[in-house]
Amino acid sequence: MSELALRERVLPIGSFGRKSSGWFGVWTLVLTETAIFAYLLFSYFYLDSQANGDWPLGGVPSLKLALPNTFILLLSSAALIWAERSGARRGRRWQLLGGLALSLILGIVFVIVQLREWQGKPFSVRSGTYGSSYFTVTGFHLAHVVVGLLILLALFVWALRGYFDPQRHAPLTIGAIYWHFVDVVWLIVFTALYIVPRFR
Amino acid sequence: MNVSEAGRVPQLVSEGGSAIDEHLNAIWETPKGFLGALSSVDHKRIGIRYIVTAFIFLIAGGIEALLMRLQLAHSDLKLLSPEAYNQLFTMHGFTMIFLYAGPVLSGFSNYLWPLLLGSRDMAFPRLNALSYWIFLLAGLFLYASFPLGLAPNAGWFNYPPLSGKEFNPGPNIDFYLLGLIFLGISTTVGAANFLVSLLRTRAPGMSINRLPILVWGTLTASVGNLLAVPAVSLACVLLFADRQFGTHFFEVEAHGQPLLWQHLFWMFGHPWVYAIVLPALGIVSDALPTFCRRPLVGYTPVALATVATMIVGFGVWLHHMFATGMPMLSLAFFSAASLVITIPSAVSTFAWIATIWTGKPVLTTSFLFLSSFIILFVIGGVSGVMTGAVPFDFQLTDTYFVVAHLHYVLIGINVFPVVGGIYYWFPKMTGRMMSERLGRWNFWTMFLGFNIGFFPMHIVGLMGMPRRIYTYAPGLGWDTINLITTIGSFAFAVGILLFLVNLGVSLRRGKPAGANPWDAPTLEWSVPSPVPAYNFAVIPLVASRHPLWEERLNESPERSSLNAGYLLNQGRETLATTVLDAEPDLILKMPGDSLAPLILALALGLLFVGLIVHSAAVTGAAALGTAVAILVWLWPQRSLGQVAEPHHV
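Chains as they are written, first to last, in my numbering: chain A, 1 to 200; chain B, 1001 to 1649.
I should point out that these hints are in silico values taken from the structure, not numbers from a laboratory. A few of these clues could be false.
[Said to hold, decoys possible] Example chain B residues on the side facing chain A (calculated, C-beta under 7 Å, incomplete): (1) G1007; (2) T1188; (3) A1192; (4) L1195; (5) H1255; (6) G1256; (7) L1260; (8) P1584.
Source: prediction; values computed, not measured. Idealized CB from N, CA, C, for every residue including glycine.
I would like the entire structure built from these sequences, with the hints used as guidance.
Structural data, given as structure tokens:
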């Protein structure tokens, strides 16, 4: 009848990695969340450009905790990649669980260190526009880390219950995209808040 | 049925039949009763709910407007107190822009999207229900402030410092901020759903050059919303923090910047204007050609103009802030960018005119609304160009000229196409025709009332009458024009009333419509009216832009196949196709009706209630409830093919 005539071929059913609706869905989430952080950093730099001399408050922020913490978060992402690539995709259960657990623990360490970093600040969220901006930007990011940790926890429980095999592990693929996104956002936030002030 | 298999060859049928219909109906139909209504994820029901709810908000916002027009009918009237007037114009703006204009178009697209694309539902049916419930609850949340006498009162764009703690200590502004954040969640998840549905659930053969323009409009609006809504949600979070937690983003004394609010608000606000007009332009581009008995002139330029408008629309926000003391260079840049938007607008306008000119117009009520829209679009567009020019804007900003402009844009480009669209698709939604006779009365009352009411606002604006004043002194020469405006706005309201009467009467006594009463070309007219729960008995195969006009247009030897194709009937299933070529890719297992969306929306609603009453306990409990509801929702299900097969482990 037409060149459109359907070929009789096997089509996969249900959720399969990058063919699942959730995979497309999480990218829309990443898109809109990227916009949130873009507007947040726009606000930060806007207030910076209008500030009168007290920016950043208390001098350029120290890298003592923030730099190692950045590597901790990067390692957490690496552990998750390991869990997916050499764990889930090859059906190696202990690598899947181990990678997820490691990623989760490193994420928790990041949160603890970040809270320590906050405690050490000589200013608060009420201290002028810098204090408000600093805690809001890092607070938004930290909230995303906490949500990411809850996702990792759910993935760990699901992995423990044997929900994933080499073919079906779309939730893991989808959750991992979110976690890597949170990681990339930190690199940008870190650059904006900790590195940029050093170059002027 | 063995859903645990990882794949299968989908059954091909060459003809539908009543046995197939009954089987599919049993799978897809929402159970009757209250619980069924609360748990339905049928995109058609959700779409109609969206439209009905948006119209209820339109009526509320309209009554607010009429009260204001009574107050302004003559100088020095004391019908409303200044505070009541402030609350009314704020709620009127918020209601019309956020609770009517956006959601009503979401309603159209929710109802039509899978029918236009040749699918059985949206990509995320439960998310679709969630976006409706949040829209409803956010609207109710905002309106709860009204009986308390605590409605937002700083205008729909809510500028600090007026909206800051110092000048507005009550909870009025908090209702605005929290309501808008809450509503933003609905807009965002809805936009994500449209986008993924477009990428994944088109019928085989529905390549992007065959998409109806309404799909282009909603697609563009959805991407715009995903990128723009965060700006206003963030602004609301920051202002809420200023008001409740002592931050200083907008507080002048602590060197905060009120202008930051304006930037964030309009970075959202201008793309939002296009989000609430582009799908409406899509309604015109799809429905008008049917009544002109020919395809739209210039499909490709119109589709590209739609996208181009939104892209340029992200670079014009400063034209709302010309009078704030920006550097001349930025004024020049943003003014130029604003004027550039006339180009894609003109492309569409000439395409519509050419479609009417070269067609054989059938003067139905729908046609009257859609064609008169072109006139209003040009008037609203020209006044927009005028205010896009910096010196002109300096003179006219914050006058009634701007009020006239924005009403020509919002009523002309949104309400008229929406009403025309309802006359067009009402038969599809209900199986009955609307009355054409009442329709004529409806159209002429609305059209004349609108122009009598709003055109004089241009003049009183040029005479210097500022907007947002609750009354004015006698002897300024404004009385007569304001009286005419009031009379016109009441006539317009009568027109809306006639429309509602026509809806009610036609719902009961309208002539039966049949599948394709207008002899229209697109896929939604190939299925019965009202549409069965499963939409298409077999997934259609699309070979052109006008599947139902292929014989007479005879553009190519290829023909779409509407009766023969994949029969997906092993549970709720629809076809996923590839992003670019729309080739069969996967069988999607669709979730059934569920209470999860309602429960999640209620938990989120409670969260916002907790914030407005300053209760940490309520907020905390609601946050926990939200997290649990999301976890339960996302728990992998074997029936949806989300869990590994037992034998693999």
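Hints versus structure:
1. With its C-beta approaching chain A no nearer than about 4 Å, G1007/B sits inside the 7 Å limit, and its interface hint holds.
2. Because the closest C-beta pair between T1188/B and chain A is about 6 Å apart, less than 7 Å, the hint holds.
3. With its C-beta approaching chain A no nearer than about 4 Å, A1192/B sits inside the 7 Å limit, and its interface hint holds.
4. Here the hint on L1195/B is kept, as its CB sits about 6 Å from the closest CB of chain A, short of 7 Å.
5. Against a cut-off of 7 Å between C-beta atoms, the interface hint on H1255/B holds, since the closest Cβ of chain A lies about 6 Å away.
6. Here the hint on G1256/B is kept, as its CB sits about 6 Å from the closest CB of chain A, short of 7 Å.
7. The interface hint given for L1260/B holds, since its Cβ lies 6 Å from the closest Cβ of chain A, which is under the 7 Å cut-off.
8. Against a cut-off of 7 Å between C-beta atoms, the interface hint on P1584/B holds, since the closest Cβ of chain A lies about 6 Å away.
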